[in-house]
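Engineer: Now for the letters of each chain:
2 protein chains.
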Amino acid sequence: MAALKVLISFAGLKNKLALSMKSTYSVAELYEKKPIGEFVTLSGWVRTFRSNRFISLNDGSTVSNFQCVLDYEKFDDTLLKKINTGTCLTLKGKIAESPGKGQPIEMLVESVEILGESDPEKYPLQPKKHSLEFLREIAHLRPRTSTFGAVFRVRHHLAYAIHDFFNRNGFFYIHSPIITASDAEGAGELFNVSTLDKKNIPLTEGGEVDFSKDFFGKEANLTVSGQLEAELLAMGLGKVYTFGPTFRAENSNTTRHLAEFWMIEPEMAFYQLSDNMELAEEFLKYIISYALEKASEDLRFLDQRLADEEKSKPTDQRSMPLLEKLHFVLENPFARITYTDAIDILLNSSYHRKKKFQFPVEWGIDLQSEHERYLVEKHFKTPVIITDYPAAIKAFYMRLNEDEKTVRAMDILVPGIGEIVGGSQREERYDVLLQKIKQFGISEHSLWWYLDTRKFGTCPHSGFGLGFERLVQFVTGMSNIRDVIPFPRTPGNCEF
Amino acid sequence: MAALKVLISFAGLKNKLALSMKSTYSVAELYEKKPIGEFVTLSGWVRTFRSNRFISLNDGSTVSNFQCVLDYEKFDDTLLKKINTGTCLTLKGKIAESPGKGQPIEMLVESVEILGESDPEKYPLQPKKHSLEFLREIAHLRPRTSTFGAVFRVRHHLAYAIHDFFNRNGFFYIHSPIITASDAEGAGELFNVSTLDKKNIPLTEGGEVDFSKDFFGKEANLTVSGQLEAELLAMGLGKVYTFGPTFRAENSNTTRHLAEFWMIEPEMAFYQLSDNMELAEEFLKYIISYALEKASEDLRFLDQRLADEEKSKPTDQRSMPLLEKLHFVLENPFARITYTDAIDILLNSSYHRKKKFQFPVEWGIDLQSEHERYLVEKHFKTPVIITDYPAAIKAFYMRLNEDEKTVRAMDILVPGIGEIVGGSQREERYDVLLQKIKQFGISEHSLWWYLDTRKFGTCPHSGFGLGFERLVQFVTGMSNIRDVIPFPRTPGNCEF
Numbered sequence: 003m004a005a006l007k008v009l010i011s012f013a014g015l016k017n018k019l020a021l022s023m024k025s026t027y028s029v030a031e032l033y034e035k036k037p038i039g040e041f042v043t044l045s046g047w048v049r050t051f052r053s054n055r056f057i058s059l060n061d062g063s064t065v066s067n068f069q070c071v072l073d074y075e076k077f078d079d080t081l082l083k084k085i086n087t088g089t090c091l092t093l094k095g096k097i098a099e100s101p102g103k104g105q106p107i108e109m110l111v112e113s114v115e116i117l118g119e120s121d122p123e124k125y126p127l128q129p130k131k132h133s134l135e136f137l138r139e140i141a142h143l144r145p146r147t148s149t150f151g152a153v154f155r156v157r158h159h160l161a162y163a164i165h166d167f168f169n170r171n172g173f174f175y176i177h178s179p180i181i182t183a184s185d186a187e188g189a190g191e192l193f194n195v196s197t198l199d200k201k202n203i204p205l206t207e208g209g210e211v212d213f214s215k216d217f218f219g220k221e222a223n224l225t226v227s228g229q230l231e232a233e234l235l236a237m238g239l240g241k242v243y244t245f246g247p248t249f250r251a252e253n254s255n256t257t258r259h260l261a262e263f264w265m266i267e268p269e270m271a272f273y274q275l276s277d278n279m280e281l282a283e284e285f286l287k288y289i290i291s292y293a294l295e296k297a298s299e300d301l302r303f304l305d306q307r308l309a310d311e312e313k314s315k316p317t318d319q320r321s322m323p324l325l326e327k328l329h330f331v332l333e334n335p336f337a338r339i340t341y342t343d344a345i346d347i348l349l350n351s352s353y354h355r356k357k358k359f360q361f362p363v364e365w366g367i368d369l370q371s372e373h374e375r376y377l378v379e380k381h382f383k384t385p386v387i388i389t390d391y392p393a394a395i396k397a398f399y400m401r402l403n404e405d406e407k408t409v410r411a412m413d414i415l416v417p418g419i420g421e422i423v424g425g426s427q428r429e430e431r432y433d434v435l436l437q438k439i440k441q442f443g444i445s446e447h448s449l450w451w452y453l454d455t456r457k458f459g460t461c462p463h464s465g466f467g468l469g470f471e472r473l474v475q476f477v478t479g480m481s482n483i484r485d486v487i488p489f490p491r492t493p494g495n496c497e498f
Numbered sequence: 003m004a005a006l007k008v009l010i011s012f013a014g015l016k017n018k019l020a021l022s023m024k025s026t027y028s029v030a031e032l033y034e035k036k037p038i039g040e041f042v043t044l045s046g047w048v049r050t051f052r053s054n055r056f057i058s059l060n061d062g063s064t065v066s067n068f069q070c071v072l073d074y075e076k077f078d079d080t081l082l083k084k085i086n087t088g089t090c091l092t093l094k095g096k097i098a099e100s101p102g103k104g105q106p107i108e109m110l111v112e113s114v115e116i117l118g119e120s121d122p123e124k125y126p127l128q129p130k131k132h133s134l135e136f137l138r139e140i141a142h143l144r145p146r147t148s149t150f151g152a153v154f155r156v157r158h159h160l161a162y163a164i165h166d167f168f169n170r171n172g173f174f175y176i177h178s179p180i181i182t183a184s185d186a187e188g189a190g191e192l193f194n195v196s197t198l199d200k201k202n203i204p205l206t207e208g209g210e211v212d213f214s215k216d217f218f219g220k221e222a223n224l225t226v227s228g229q230l231e232a233e234l235l236a237m238g239l240g241k242v243y244t245f246g247p248t249f250r251a252e253n254s255n256t257t258r259h260l261a262e263f264w265m266i267e268p269e270m271a272f273y274q275l276s277d278n279m280e281l282a283e284e285f286l287k288y289i290i291s292y293a294l295e296k297a298s299e300d301l302r303f304l305d306q307r308l309a310d311e312e313k314s315k316p317t318d319q320r321s322m323p324l325l326e327k328l329h330f331v332l333e334n335p336f337a338r339i340t341y342t343d344a345i346d347i348l349l350n351s352s353y354h355r356k357k358k359f360q361f362p363v364e365w366g367i368d369l370q371s372e373h374e375r376y377l378v379e380k381h382f383k384t385p386v387i388i389t390d391y392p393a394a395i396k397a398f399y400m401r402l403n404e405d406e407k408t409v410r411a412m413d414i415l416v417p418g419i420g421e422i423v424g425g426s427q428r429e430e431r432y433d434v435l436l437q438k439i440k441q442f443g444i445s446e447h448s449l450w451w452y453l454d455t456r457k458f459g460t461c462p463h464s465g466f467g468l469g470f471e472r473l474v475q476f477v478t479g480m481s482n483i484r485d486v487i488p489f490p491r492t493p494g495n496c497e498f
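Here the protein sequences come in this chain order: X and U. If you use the numbering used here, the first sequence corresponds to residues 3 to 498, in order. If you use the numbering used here, the second sequence corresponds to residues 3 to 498, in order.
Simulated from the structure, these hints should not be mistaken for lab results. The model shown is predicted, which means the values in this text are computed figures rather than measured ones. It is possible that some hints are incorrect.
Derived DSBU-like pairs: lysine-lysine, alpha-carbon spacing no greater than 35 Å straight-line [unchecked claim]:
| # | chain 1 | residue 1 | chain 2 | residue 2 |
| --- | --- | --- | --- | --- |
| 1 | U | 131 | X | 200 |
| 2 | U | 36 | U | 131 |
| 3 | U | 358 | U | 327 |
| 4 | U | 440 | X | 407 |
| 5 | X | 396 | U | 84 |
| 6 | X | 201 | U | 440 |
| 7 | U | 103 | U | 36 |
Coverage of chain U stretches by chain X, computed from C-beta distances (three or more under 8 Å per stretch; other residues unrestricted) [said to hold, decoys possible]:
| # | region |
| --- | --- |
| 8 | 56-68 |
| 9 | 141-150 |
| 10 | 193-202 |
Quick partial rundown of chain U residues pointing at chain X, CB under 10 Å, derived from the structure [unchecked claim]:
| # | residue |
| --- | --- |
| 11 | 136 |
| 12 | 237 |
| 13 | 365 |
Here a beta-carbon is modelled for each residue, glycine too, at the ideal position from N, C-alpha and C.
Just chain X, same shape as in the assembly (with noise of 0.2 Å):
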């Protein structure tokens, strides 16, 4: 024991040591505390060097870099050709007032070590400007570029804020499973999930597939929802939030579309489809006002790059400023009105007599994209809160109007992006649920314990799904979504 009690009291000195000769910042510390004239140790990666005397160094801890300047007689020629766009470096100096524009302060080197070098023939990223295209092909070093760590930095800050407004509010956060026998929904293709050898597949003597031989014992694929799981947890816990991946076997190559993507599915028992409105508008905007106050550096980034990007577009084809539309969507209430009032407005649109909109217009429609854009962009100027479609372009399990002929069914629509929010009341009577089951030809059978929630102490309960790429989007302006997860993947694509 004497050998441990040496090694414990050594940790505990090396703490102490440690904190007491803090000198070593991230770029995001030294601009918030700035320490002039402390001597400090910094390390990062070059994104320019400038007449062999100014690095400037990014650390990913904020989109701004740190400017360090060398002497450059005082290190030796062969050291200083290392220093390259992409070179790692630690930088040792005092951190003096910036005489410069760009910066407050900055950084007069006395000592570098090179960490890891990065030759100028062979690194993909100079400093110059990258398309998109070209950096998704690089999806694992596009993180080093300031557009993507500024995406990537906000998705942070989102989900965060995710986890923080439920928390607060009384939600408890739940794991939904992600291999899955059910598939209730029939929310469309489906990844299935198997270690069944592939060259030797076992048949029924009926000439199926005997997924009796497969590692779950049945045929079991990838979730596309955690709903109704959460339900069962909202009967037990009151409310609670999944917040995990999603899949959809769909062969969709646009830029609104992922085969795997994150979603948030909060579900309340005893809510309405009233309270379930007014929660939902109250967490997209908290959401967004955490953004921008946590990440409001990263997001003057998206939103001068977004400007940029827009000159190249006709004037009437520019969207609003991003931040502008942040602060539109926190400051005003959003629409709230029901599908067969969307429906009249639509109806009696001067796009509808002009003859602007391509899908026809009529009660028992699915809107399509230029009708949501219409409603939002164009008559509301807000974000849109869609109530009581018709039941049958509905899933089977949104609770059914007294007028039989629509459900409790609400969906968010937000400029740009279209439906950000879709949810409903859950139909809660046993009887009601088990004929929409039949008529949408599920399988009573496996959604018996989805059944029984219903048979042992149902409540009215509301929830709704968010998906968060789709928010990612919203809120950074990136207009597609491949661009705001970090190793997108869709059809032909699964690389890193």
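Dock chain U against chain X, hints included.
Structural biologist: Frame of chain X, contents of chain U only:
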């Protein structure tokens, strides 16, 4: 637009009304605010109904039930008959100090609304002790029990504490991919993800499965770890962490293994192994102390539950009481010891001399559970960080020490669970890494992107992985890992 304005001002009005009339409470809020004399609304599920008079109501907001007192003469008999265990109710009444011993306050019920009945002949959760095995069969209902309510609330608080810790410390949360074409770690058996028709698998001319016809155009599997991708992001953002599901298709039916489980994997640029150890210890202590503060009532309940369970064991096989164990971990520094020294301790132990170890002890072995338990529970009596393992028994990406025999690995062992954290400093030297990749028989080509990070601006960096369910087991004292995740996936099990 007139209609919209009416809608908006109506919604505003409704919000104001709702706030001024706020009288709906959760049980947790009632106990916190104790609104004695106030007329309130409370919804929840009946746990017990005694003497036609005392309803014990639970709404999931806390492990405690709320006593609601009925004057049965004021209520109809048919209504009273519907109040059974599991029935969902909305009760209205006045809050008063409770003359009873079990609770500080209670509700004097004035109205009862039955939201959902619960047939006592059919509802499986009756007020008696159910075995954990039985409850696992009805995982859709078990969140309604005190034990699982407590476990899942603690799980929530632990998850929140993890995000909170990293956010406070300048880490960015990243989502590493779930579906991946890389099996770099060779970490064992994989779940294949596919949309190929299993009854009609396309083959190449050589007779192999033609994955070019599959959704991603190549063979794709569920991830076993997000570490390699986290490293890519750490090289841009500095400090990052993952918190996502990972998968093992191992046919293990134990109390410690799941096929689907959640992992937390921080990865930090510029961290040496010693920084990594300090972070991991600080991290574990932070989240445990957070849980002790925020989930104190649930943990007291689970402490008692474990104590009851332990009573059936012989005294010398009982584990440390739960709360005592958690405080013990908080208050003691973790022992730090090299693998080589750990082997010496084992060789010099009375256990070894008396041949009490089932597995042989010698330098080079993978420590068995019995060895780890001896070190933690018998020798050090505190969590232990073992470092510098033999290179041959650890992954290819761990940094080789100067001795060229050991690597900068670290495992943290805790009482009862064994390994809870596994981490290392990563091999940042391109040549050494390439050689290790070849030694381990991994295709260099499949890791081109990982090698790129060592080619361009490499730097010392470190990280670790924490199995979330192991942590929840440790903090809740639940002995079977299937009881700390809502819907466990194991061989033959993927219900719900």
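Engineer: Tell me, which hint numbers fail for this structure?
Structural biologist: 1, 4, 11 and 13
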